[in-house]
Structures are given as structure tokens and as C-alpha cells.
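Listed here are the chains, written in short residue letters.
Protein chains: 2
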Amino acid sequence: MNKIVLICPERNDVSKWVESFKKENNNIEVEIYPNDTDREQTEFVATWNPPADAFEKFPNLKVIASMAAGVKHITSKKIPNNVKVTRVKDDYLNYDLSYFVLNALLNYLRDMPLYFQHQEEKIWDRQAYQRPEDVTVGILGFGNIGQAIGKLLLKNDFKVLGWSRSKKDVEGIETFKEDELNTFLSKSNVLVCMLPHTPETEDILNQELFQELPKGTYLINVGRGAHLQEEDFLEALANGQLSGAALDVFKTEPLPKEHVFWNHDKITITPHTASITNPATIVPKMVENFQRMQNNEPLKDEVDLEKGY
Amino acid sequence: MNKIVLICPERNDVSKWVESFKKENNNIEVEIYPNDTDREQTEFVATWNPPADAFEKFPNLKVIASMAAGVKHITSKKIPNNVKVTRVKDDYLNYDLSYFVLNALLNYLRDMPLYFQHQEEKIWDRQAYQRPEDVTVGILGFGNIGQAIGKLLLKNDFKVLGWSRSKKDVEGIETFKEDELNTFLSKSNVLVCMLPHTPETEDILNQELFQELPKGTYLINVGRGAHLQEEDFLEALANGQLSGAALDVFKTEPLPKEHVFWNHDKITITPHTASITNPATIVPKMVENFQRMQNNEPLKDEVDLEKGY
Ligand SMILES: NC(=O)c1ccc[n+]([C@@H]2O[C@H](COP(=O)([O-])OP(=O)(O)OC[C@H]3O[C@@H](n4cnc5c(N)ncnc54)[C@H](OP(=O)(O)O)[C@@H]3O)[C@@H](O)[C@H]2O)c1
Ligand SMILES: NC(=O)c1ccc[n+]([C@@H]2O[C@H](COP(=O)([O-])OP(=O)(O)OC[C@H]3O[C@@H](n4cnc5c(N)ncnc54)[C@H](OP(=O)(O)O)[C@@H]3O)[C@@H](O)[C@H]2O)c1
Numbered sequence: 001m002n003k004i005v006l007i008c009p010e011r012n013d014v015s016k017w018v019e020s021f022k023k024e025n026n027n028i029e030v031e032i033y034p035n036d037t038d039r040e041q042t043e044f045v046a047t048w049n050p051p052a053d054a055f056e057k058f059p060n061l062k063v064i065a066s067m068a069a070g071v072k073h074i075t076s077k078k079i080p081n082n083v084k085v086t087r088v089k090d091d092y093l094n095y096d097l098s099y100f101v102l103n104a105l106l107n108y109l110r111d112m113p114l115y116f117q118h119q120e121e122k123i124w125d126r127q128a129y130q131r132p133e134d135v136t137v138g139i140l141g142f143g144n145i146g147q148a149i150g151k152l153l154l155k156n157d158f159k160v161l162g163w164s165r166s167k168k169d170v171e172g173i174e175t176f177k178e179d180e181l182n183t184f185l186s187k188s189n190v191l192v193c194m195l196p197h198t199p200e201t202e203d204i205l206n207q208e209l210f211q212e213l214p215k216g217t218y219l220i221n222v223g224r225g226a227h228l229q230e231e232d233f234l235e236a237l238a239n240g241q242l243s244g245a246a247l248d249v250f251k252t253e254p255l256p257k258e259h260v261f262w263n264h265d266k267i268t269i270t271p272h273t274a275s276i277t278n279p280a281t282i283v284p285k286m287v288e289n290f291q292r293m294q295n296n297e298p299l300k301d302e303v304d305l306e307k308g309y
Numbered sequence: 001m002n003k004i005v006l007i008c009p010e011r012n013d014v015s016k017w018v019e020s021f022k023k024e025n026n027n028i029e030v031e032i033y034p035n036d037t038d039r040e041q042t043e044f045v046a047t048w049n050p051p052a053d054a055f056e057k058f059p060n061l062k063v064i065a066s067m068a069a070g071v072k073h074i075t076s077k078k079i080p081n082n083v084k085v086t087r088v089k090d091d092y093l094n095y096d097l098s099y100f101v102l103n104a105l106l107n108y109l110r111d112m113p114l115y116f117q118h119q120e121e122k123i124w125d126r127q128a129y130q131r132p133e134d135v136t137v138g139i140l141g142f143g144n145i146g147q148a149i150g151k152l153l154l155k156n157d158f159k160v161l162g163w164s165r166s167k168k169d170v171e172g173i174e175t176f177k178e179d180e181l182n183t184f185l186s187k188s189n190v191l192v193c194m195l196p197h198t199p200e201t202e203d204i205l206n207q208e209l210f211q212e213l214p215k216g217t218y219l220i221n222v223g224r225g226a227h228l229q230e231e232d233f234l235e236a237l238a239n240g241q242l243s244g245a246a247l248d249v250f251k252t253e254p255l256p257k258e259h260v261f262w263n264h265d266k267i268t269i270t271p272h273t274a275s276i277t278n279p280a281t282i283v284p285k286m287v288e289n290f291q292r293m294q295n296n297e298p299l300k301d302e303v304d305l306e307k308g309y
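Chains as they are written, first to last, in the UniProt record's numbering: chain A, 1 to 309; chain B, 1 to 309.
Here chain A stands alone, though its shape is the one from the complex (with noise of 0.2 Å):
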């Protein structure tokens, strides 16, 4: 049968995916879980934060397709087996997050947070400043986006450099595998977090990496919120090990009100908003693996349920 079915009970932009669908292809018929019907003939779901048991209603399904480029969403539920998980590559989410990147590390550069706060309480004081020739941005997790994030940093002459589970090979950016974790580290003025979320990961931003690299590194982090260890992050800014932070993931997202970050004078904070999905490019490549699923072709974007991403 030709039906998709969306799972994702948070999401409040389900009509413009709705829209997208029938735009790329009418005659797929798109209905919005646990509202849809026939069950049995469900072959193929799209989903952001199901719950935990939706997958298991449908006994003959084939595949699931993130509606993000993180899959954690999905691999911490049960997969039946034989299913397969898809996620988005898109090159408007390697563009919007790269120069969010740039953005956050010319804020920093240029200490903005402190003119804004400055501004605030009516202080004109000039504060020296970085230039970009003279600062190394290393990159943890150089797959996908990250690749996309040091293409944008190198034109802008940031040294760059990549840290990845397999060696990678970008012209002009130094990349290093994971057993050369502590290298790469050692180098890094800037240290940005571009993971997926997976067991090895977690809590990977911990004492122990911060204690590699040079004192007074500054982090941006948008992978994950749990790719960060708070109290020692908290303790790496309290002794200067790390100089500030800008993040955009947390742990629990809305950032609650009563967390520590919200007033600490050494944390940016944006609402996870460093890219914002877009069913119109995002949409055309579900309807690509749907066919494809259909005609037993083999998917593009699948992603390795051992690796976990």
C-alpha cells in the first residue's frame, strides 16, 4: 500500500510535512499516528520522538525514517528486527549549522556576549581580540556535518582540524582517528561537539578530555545535551580549564528554568536552534527510500544499528 505514517507526538509543524509529502508525491497517502489506520499494511513510518512502544504495533514494518539527522530518538526504543532506520543528510542542515558554527566562534572571538551585557548596563570598554588566522578549531565527529562545518572555517582561515572514528581525508584540515583523541585535543583552541549521540559518546565532554586540552579552550556544543557532564564542565569553567561555552543541546530540552546555565556569565545559550529541519528538502529523500523499499532496492542514509549511527 502506498502509505507513510508519522510518528511524532511533539511535533507542532506536522501540517507543513503533511504538505511537503503530497507536494513531492500524491499518490502517497500520508496519515498522522495513532490516528492512522490499517496497520497491517504499514510498511514505512517517519519519526521524531515516537513513544516507546509504537513500533511494535505495526507487524509488517520495513522501515524507519528519522525526521532528523540524530537517530538516538529511535535506537533507544525497540526496533523490531529485520527493520531498518534511515536519517537525514541534507545539505541545508550542513549550511545552517555551519554557519551557526562560524557565528558562535566570531562571537567568541570577539567577546560579544560581554558587549551585550556591557550594553546592558551602559559600559563602553574595548576588549582586544582574536583573529581567525590565529585560532584551531578542532571538530569531534568529522562525519556528515562536521566535514560541512570545516569546509566553511577553513574558507573562513580557521585552522581546522577533524576527529573521527575512521580517519578521514579533507584537503587542508588535519584529521586524526580515534585512537589519536588526545592529539587532536591537545591542539584545539576551540573544541566543537558535532557527535551523534551513542553509548560511546555519552558523557564523552568529561574531566578527563577537558584535562587535554590547552587551558582556556572554548566549547561549542551541538550534537547532543548528552554528550556534555555537566559538574565537570561546570568545574572546567570555575578553574579556567575551559574559558566559556556556547551551546545549544541539553539534556533535557526547554532548558529548565531553576538550570545552572541559564545565568552563568560564561555560557551562550540558544534553544537548540542552530539548524531547524526542513520538510521540503528533507521530504523528497523520504519518498526516494520509500520507493526504493518497494521496489527492494537498497536505502540511501541507513544507518549502522550496531554503530548506532
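Hint data in this document are derived by calculation from the structure and do not stem from the laboratory. Treat the hints with care, as some may be off.
Pairwise CB distance ranges, derived in the manner of DEER restraints [what the hints assert, rightly or not]: (1) A:E171 / B:D13: 35 to 43 Å; (2) B:R131 / A:P298: 52 to 60 Å; (3) A:T183 / B:E208: 55 to 63 Å; (4) B:R126 / A:E200: 26 to 34 Å.
Derived SDA-like pairs (lysine to any residue); straight-line CA-CA distance at most 25 Å [said to hold, decoys possible]: (5) A:K159 / B:K151; (6) A:K122 / B:E230; (7) B:K159 / A:T273; (8) A:K151 / B:P132; (9) A:K285 / B:E121; (10) B:K257 / A:K89; (11) B:K122 / A:L237; (12) A:K151 / B:Y129; (13) A:K23 / B:R131; (14) B:K266 / A:A68; (15) B:K155 / A:N144; (16) A:K285 / B:D169; (17) A:K122 / B:G225; (18) A:K89 / A:A68; (19) A:K159 / B:P132; (20) B:K23 / B:A52; (21) B:K155 / A:D134; (22) B:K16 / A:E133; (23) A:K89 / B:L109; (24) A:K177 / A:K257; (25) B:K122 / A:E40; (26) B:K122 / A:W262; (27) A:K151 / B:N94; (28) B:K89 / A:A128; (29) A:K159 / B:A128; (30) B:K122 / A:P256; (31) A:K122 / B:K251; (32) A:K257 / B:A128; (33) B:K155 / A:T136; (34) A:K122 / B:D265; (35) B:K23 / A:D134; (36) A:K89 / B:N156; (37) B:K155 / A:N94; (38) A:K266 / B:N94; (39) B:K266 / A:R126; (40) B:K122 / A:K177.
Heads up, the beta-carbon is just placed ideally off N, CA and C, and yes, glycines get one too.
Once you have looked at the hints, place chain B with the ligands on chain A.
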């Protein structure tokens, strides 16, 4: 005589200048006004904001070197006949101003001033954002620095327009000359003012100009405070003709505590920090001009006193 006199009563970094001269050419004596000696012997002065009567005290003055890119602080004083004025052109000045403008642009596209405010109020509220590729930036004053800014913005996917007295030819950038101002304005989503301060450009950012812009244009002023007609500007912010502004320069600096700009939520203020002059790279060019003067050779980076820049 091998002597240069520094006339910069407000500068507190004068020792850096003296050091740089010493490093560049140990045979040149550097004296600080008003404690300098043998004024008949002095042919070359370097200055920032000199007292009105300073120059006439040097009966044999030949060259006044501005310690900055702007020269209004000199041209607004009486310049003795046949004395030449030079000004700073410096790759680092271009570099720093370009990244400053890029940063101001990205902050605007991403609503960063609002996020800084939201952080203080512990508000989690995602905003839609704009992409560089969808934004056209018009640069008023497309000379030495303006062109450097344009090239960096072009590399970062912005559409770029340049306006100057005479038509310029820069690849990838649509340029406009003096009498094409209104066409230029009508195409700009962001306006960057990088003009010199002259009688023609004073108060150029006024109601008449604003009304030629598309509604909601954003303003970045890195030229001089004298370019901005403040009442017209506040009115344009109030009626939405301008959506906001980043201001680095002001009619009076430091910006007085009682000025309404400080607490205006559509204005971002930085304390004239887009670029901080760097004696180490500027002094060698002054020394070169000093020697050119001694050898009766044409000076570099000479100011056209007719035009005023
Ligand atoms: N803040 C936001 O708005 C936002 C938006 C989109 C995505 N994200 C996050 O960004 C993550 C990355 O997305 P992506 O598309 O770039 O994924 P990707 O292409 O799969 O890249 C992941 C990278 O991390 C590396 N990696 C994974 N586990 C590792 C480990 N244990 N040790 C060392 N390296 C490891 C991978 O190495 P190999 O290449 O060797 O496998 C790869 O280079 C997503 O999972 C999501 O959580 C955040
Ligand atoms: N915020 C800061 O920290 C900072 C730092 C440095 C400089 N500045 C300011 O920036 C100014 C520009 O520096 P620059 O080195 O780029 O100077 P520049 O090379 O002389 O460029 C000035 C540009 O403005 C154009 N222009 C001048 N008067 C004009 C008019 N009446 N109508 C149209 N176009 C006009 C010129 O046109 P033509 O090319 O046709 O002559 C030229 O393109 C300085 O004078 C200074 O005030 C600010």
C-alpha cells in the same frame, strides 16, 4: 633631521608606537608632542585627534600622517599650505573590519541579540532564521575597506552590492556609482556604511535615504557616527522602515551614559571595536613615507584634500 613627532593627546598606547618605530628604524628619533624639541627641524608628524593649533607650531612641516584610516580629525583642523596628509591602509584593518561585519550580519540573521536577552530572562523560544544566500548586503563606501568586506561576504554566500563615487569593477559584486544611489538602496536588505567622513557624507544616513530601502532593512554602521542622523534613525526604527542596527561608531565617543541608544532593544552597540589599530603593521608604512619625503619621492596612501579622504 631624522625625527618624527607623535601628536596624539588621547592615545594611551603611545609607547607601542614608539617601540614600533624603534624596531622599524632605530635611526629615527621619536618625540611626543607637546614635549618635543626643535620644532623648526620637524618635517613629519603622525597624529590622532590633534589639538586645533598643533600644526601651525611646526613652521617647516611637510607631512601629516594619520594614525588611522579616517582623516576627518586632521582635515577638520587648519592644515598649513603645501603640507601633505597620508592615512592608514592596512591589511589587518581590512581583515578585522571584514570579520566584524560578517559577525554583525550573522548575529542579525540568527537573532542573537534577542537570544542574549532571552537567556537573561530564561526564555526558550526558537526563532526562524535567514540564510546568507537569501540576503543582499549593500556596502555604502566601496573603497579600500568596503571592497575587502564585500569579498569576505561574497565568499560566505551573501549577495553583495557596492556604492562609491566612481564605478568599481569587482568580480561577483554589482557596483553602483554616485548617481545610482537609489537603485543600490532599493536592492539592499542590509546596509553597511563604510564611508569616510566628509561634508558630503555627513548625516547621509537620514530619512530620505532610509525611505529608499526595502522596508525592514538592517543597518550596520562602521563608518563614523557623523554619518547617522540620529532622530531620523530612531524614527525609522520606530516605524519599521529599519528592523534594527549594529552601531560601532557614534557622534560622541564613548557614547554618553544618558544616550537613548544604550537601552534600545533594536540596537546592538560595540565600543568602536570593529578594528583596533596595530602599530606594528602601520609604522613600517609611515617610515617608508618618511623616507619618501626625505628623497622627494611621491608619498603612498596620500589623502586627496579636495575630496577629504
Ligand atoms: N544542534 C543541532 O541542531 C543538530 C542538528 C543536526 C544534527 N545534530 C547532531 O549531530 C550528529 C552528527 O550528525 P552527522 O550527520 O554529521 O552524522 P555522521 O555523518 O554520522 O557523522 C558522525 C561522525 O562522528 C564520528 N563518530 C561517531 N562515533 C564516534 C566515536 N565513538 N569515536 C569517534 N568518532 C565517532 C563518526 O566517525 P566515522 O565517520 O568514522 O563513522 C562520524 O565522523 C547527529 O547525530 C545529531 O545528534 C545536531
Ligand atoms: N569602525 C572602525 O573601526 C573604522 C576603522 C577604519 C576606518 N573606518 C572608517 O572607514 C572609512 C573608509 O575607509 P577606507 O580605507 O575604505 O577609505 P577609502 O579607501 O578612501 O574608501 C572610501 C570609499 O567611499 C567612497 N566615497 C567617499 N565619498 C563619497 C561620496 N560622497 N559619495 C559616494 N561615495 C563616496 C569612495 O568612492 P571613490 O572610490 O569613488 O573615491 C570610496 O569608495 C574611513 O574614512 C573611516 O572613517 C572605521
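Hint check:
Checking the proposed 35 to 43 Å range against E171 of chain A and D13 of chain B shows it holds: the Cβ atoms sit about 40 Å from each other. Separated by about 32 Å at the C-beta atoms, R131 of chain B and P298 of chain A break the suggested range of 52 to 60 Å. Between T183 of chain A and E208 of chain B the Cβ separation comes to about 60 Å, which falls inside the hinted range of 55 to 63 Å. Evaluation of the 26 to 34 Å hint for R126 of chain B and E200 of chain A yields a pass: the beta carbon distance comes to about 29 Å.
Of the supplied pair hints, the one linking K159 of chain A and K151 of chain B holds, its CA atoms being roughly 20 Å apart against a limit of 25 Å. Simply put, K122 of chain A and E230 of chain B have alpha-carbon atoms about 18 Å apart, close enough for the 25 Å limit, and the pair holds. Under the criterion of a C-alpha separation no larger than 25 Å, the hint pairing K159 of chain B with T273 of chain A is consistent with the structure, at around 24 Å. Pair hint K151 of chain A plus P132 of chain B holds up; C-alpha atoms about 16 Å apart against a cutoff of 25 Å.
With a C-alpha separation of about 39 Å, the suggested pairing of K285 of chain A with E121 of chain B is violated against the 25 Å cut-off. At roughly 50 Å between alpha-carbon atoms, K257 of chain B and K89 of chain A are farther apart than 25 Å, so this suggested pair is violated. The suggested pairing of K122 of chain B with L237 of chain A holds, with an alpha-carbon distance near 20 Å, which does not exceed 25 Å. Restraint check: the Cα-Cα separation between K151 of chain A and Y129 of chain B comes to about 22 Å, which is no more than 25 Å; the hinted pair holds.
Of the supplied pair hints, the one linking K23 of chain A and R131 of chain B holds, its CA atoms being roughly 23 Å apart against a limit of 25 Å. Using a Cα cut-off of 25 Å, the hinted pair K266 of chain B and A68 of chain A is violated, with the two alpha carbons roughly 33 Å apart. For the hint pairing K155 of chain B with N144 of chain A, the CA-to-CA distance comes to about 21 Å; that is within 25 Å, so the pair holds. Restraint check for K285 of chain A and D169 of chain B: not satisfied, since their Cα atoms lie roughly 42 Å apart, outside the 25 Å limit.
For the given pair, K122 of chain A sits about 17 Å from G225 of chain B by alpha-carbon distance, which is consistent with the 25 Å threshold. Distance check on the hinted pair: K89 of chain A and A68 of chain A sit about 8 Å apart at the alpha-carbon level, within 25 Å; holds. Of the supplied pair hints, the one linking K159 of chain A and P132 of chain B holds, its CA atoms being roughly 22 Å apart against a limit of 25 Å. Our distance criterion of 25 Å between C-alpha atoms is broken by K23 of chain B and A52 of chain B, whose separation comes to about 31 Å.
At most 25 Å may separate the alpha-carbon atoms for a hinted pair to count; K155 of chain B and D134 of chain A meet this at roughly 20 Å. In summary, the hint linking K16 of chain B to E133 of chain A is supported, as the alpha carbons are separated by about 23 Å, within the 25 Å threshold. Between the alpha carbons of K89 of chain A and L109 of chain B the distance comes to roughly 23 Å, so the proposed pair stays at or under 25 Å and holds. For the suggested pair K177 of chain A and K257 of chain A, the alpha carbons sit about 38 Å apart, so the restraint of at most 25 Å is broken.
Taken as a hint, the K122 of chain B and E40 of chain A pair is broken in the structure, with Cα atoms around 46 Å apart against an allowance of 25 Å. Distance check on the hinted pair: K122 of chain B and W262 of chain A sit about 6 Å apart at the alpha-carbon level, within 25 Å; holds. Annotation: proposed proximity of K151 of chain A to N94 of chain B holds, straight-line Cα distance about 23 Å (limit 25 Å). At roughly 20 Å between alpha-carbon atoms, K89 of chain B and A128 of chain A fall within 25 Å of each other, so this suggested pair holds.
At roughly 30 Å between alpha-carbon atoms, K159 of chain A and A128 of chain B are farther apart than 25 Å, so this suggested pair is violated. Under the criterion of a C-alpha separation no larger than 25 Å, the hint pairing K122 of chain B with P256 of chain A is consistent with the structure, at around 9 Å. With a CA separation close to 16 Å, the supplied pair K122 of chain A and K251 of chain B stays within the 25 Å bound. Between K257 of chain A and A128 of chain B, the direct Cα distance comes to roughly 22 Å. Compliance with the 25 Å bound is thereby established for this hinted pair.
With a CA separation close to 20 Å, the supplied pair K155 of chain B and T136 of chain A stays within the 25 Å bound. For the proposed pair K122 of chain A and D265 of chain B, the alpha carbon gap of about 13 Å is at most 25 Å, so the pair holds. Annotation: proposed proximity of K23 of chain B to D134 of chain A holds, straight-line Cα distance about 23 Å (limit 25 Å). Our distance criterion of 25 Å between C-alpha atoms is met by K89 of chain A and N156 of chain B, whose separation comes to about 22 Å.
Only pairs whose Cα atoms come within 25 Å are accepted, and K155 of chain B paired with N94 of chain A is accepted, the gap being roughly 17 Å. Under the criterion of a C-alpha separation no larger than 25 Å, the hint pairing K266 of chain A with N94 of chain B is inconsistent with the structure, at around 29 Å. Restraint check: the Cα-Cα separation between K266 of chain B and R126 of chain A comes to about 21 Å, which is no more than 25 Å; the hinted pair holds. About 39 Å separates the Cα atoms of K122 of chain B and K177 of chain A, which puts this hinted pair outside 25 Å; it is violated.
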